[in-house]
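If you're matching them up, the sequences are chains A and B in order. Heads up: the first sequence at position 35 corresponds to 35 in our numbering, and the numbers run straight through without jumps. Heads up: the second sequence at position 63 corresponds to 1063 in our numbering, and the numbers run straight through without jumps.
Since the hints were derived computationally from the structure, they do not count as laboratory data. Honestly, I wouldn't trust all of these hints.
As the list claims (entries may be wrong) - Pair ranges (Cβ atoms, derived):
hint, chain 1, residue 1, chain 2, residue 2, range
1, B, 1041, A, 57, 10 to 20 Å
2, A, 174, B, 1149, 13 to 23 Å
3, A, 82, B, 1054, 45 to 55 Å
4, A, 123, B, 1098, 38 to 48 Å
We put the beta carbon where it would ideally sit given N, CA and C, even for glycine.
Number of protein chains: 2
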Amino acid sequence: MEKQSSRILEEAVEAFASLPGIGRKTALRMALHCIYQAPGKLEKFNTAIGKLGTDLQFCKKCHHISDNDICHVCNDSGRDHSLLCLVESVRDVLAIEETGHYRGVYHVLGGIISPIDGIGPEDLNISSLIHRCRQETIAEVIMAISPTIDGETTIYYLTKCLSEAGIDKVSILARGVAFGGELEYADELTLGRSIRARIPYQIAD
Amino acid sequence: MEKQSSRILEEAVEAFASLPGIGRKTALRMALHCIYQAPGKLEKFNTAIGKLGTDLQFCKKCHHISDNDICHVCNDSGRDHSLLCLVESVRDVLAIEETGHYRGVYHVLGGIISPIDGIGPEDLNISSLIHRCRQETIAEVIMAISPTIDGETTIYYLTKCLSEAGIDKVSILARGVAFGGELEYADELTLGRSIRARIPYQIAD
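Using the sequences and the hints, build the whole thing.
What follows is the structure, given as structure tokens:
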């Protein structure tokens, strides 16, 4: 799609097109939608987006996003604070929270160790993790980290760090074929490992 | 998808989800993307979008969007100002401009007559159209209006108005099966009319 002749429109199109998954055509549709909004509504839109940069904070404890110093998860006394789930990103916290299956707390690493991308342990929130493990009573750390090569490296590295910090119980997410997935579409590695790591079948009560 | 526990994030998600074609899941992805932007980039984004409401104008002549009082099309002396193309919206101007097949000028109606939606002739940019037709030398008016029931009504109404304003030559877009479209997917009405309105075949030189 060609550049817009209106500089103002073109800049708005470029702004929307900078969002993930948005091409210039969709960006134009969004910009044209905005043009016909009442001025107050566009201002409200801008305020909401702007606050992401100005008002949104990262929890001083777990690095999850938060409206305050400490996030709502860390502040929730009803949760199990001895169960710590290590995740790569804020997105992963939101995904796990959405499942409703976890009642412990989190620690957001802010990435995983990736030599190719030049991300080393010092770039991640590891020192604050070790600090937490020493200060708080943590019974178990769950590594909810993607089972990729970089992920495995990170898990290996962190397990060693945690062991030095006195954490003995470290677990990883269950691995195998996806629920509801067709076997023929599972990749070879997953399928092969799932056969070797097969589990006894139990009839549910 | 559930509401976000962070009020700031939730408001940003709602803002993005108010854009056309964006669901809450994509909106969340956009908001999370914004969180990790440098503050300056988010501000630039907001400025670009805000200008759509504050700085973008509508051309005083043709009602197309414009950075100035008069748009770049109306200001272009290289274009044929005696050929006027009537369109429903700014989007249609952009679509026709993209084709590169039109060198006349435009007039944006800002909608079409639609009794069901309560849009009457007085809600459209018709008085300025009549004014233009009386003041300027218009040789032909092209009705580039969707061939829907409301569109046909609008074309009928406008042709009568234009006739009173002294415009004799009014044309509509060619109608028939779409170029590159499979015949079997053309709707009955289009196909039937295309047979009746068949055109002599000429071998291109």
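Hints, verified against the model:
1. Roughly 19 Å separates the CB atoms of residue 1041 of chain B and residue 57 of chain A, a value that falls within the hinted 10 to 20 Å.
2. Between residue 174 of chain A and residue 1149 of chain B the CB atoms are about 58 Å apart, so this pair departs from the stated range of 13 to 23 Å.
3. Taking the beta carbon of each, residue 82 of chain A and residue 1054 of chain B are about 53 Å apart, inside 45 to 55 Å as hinted.
4. Taking the beta carbon of each, residue 123 of chain A and residue 1098 of chain B are about 44 Å apart, inside 38 to 48 Å as hinted.
In the structure shown, a violation is registered for the earlier hint numbered 2 alone.
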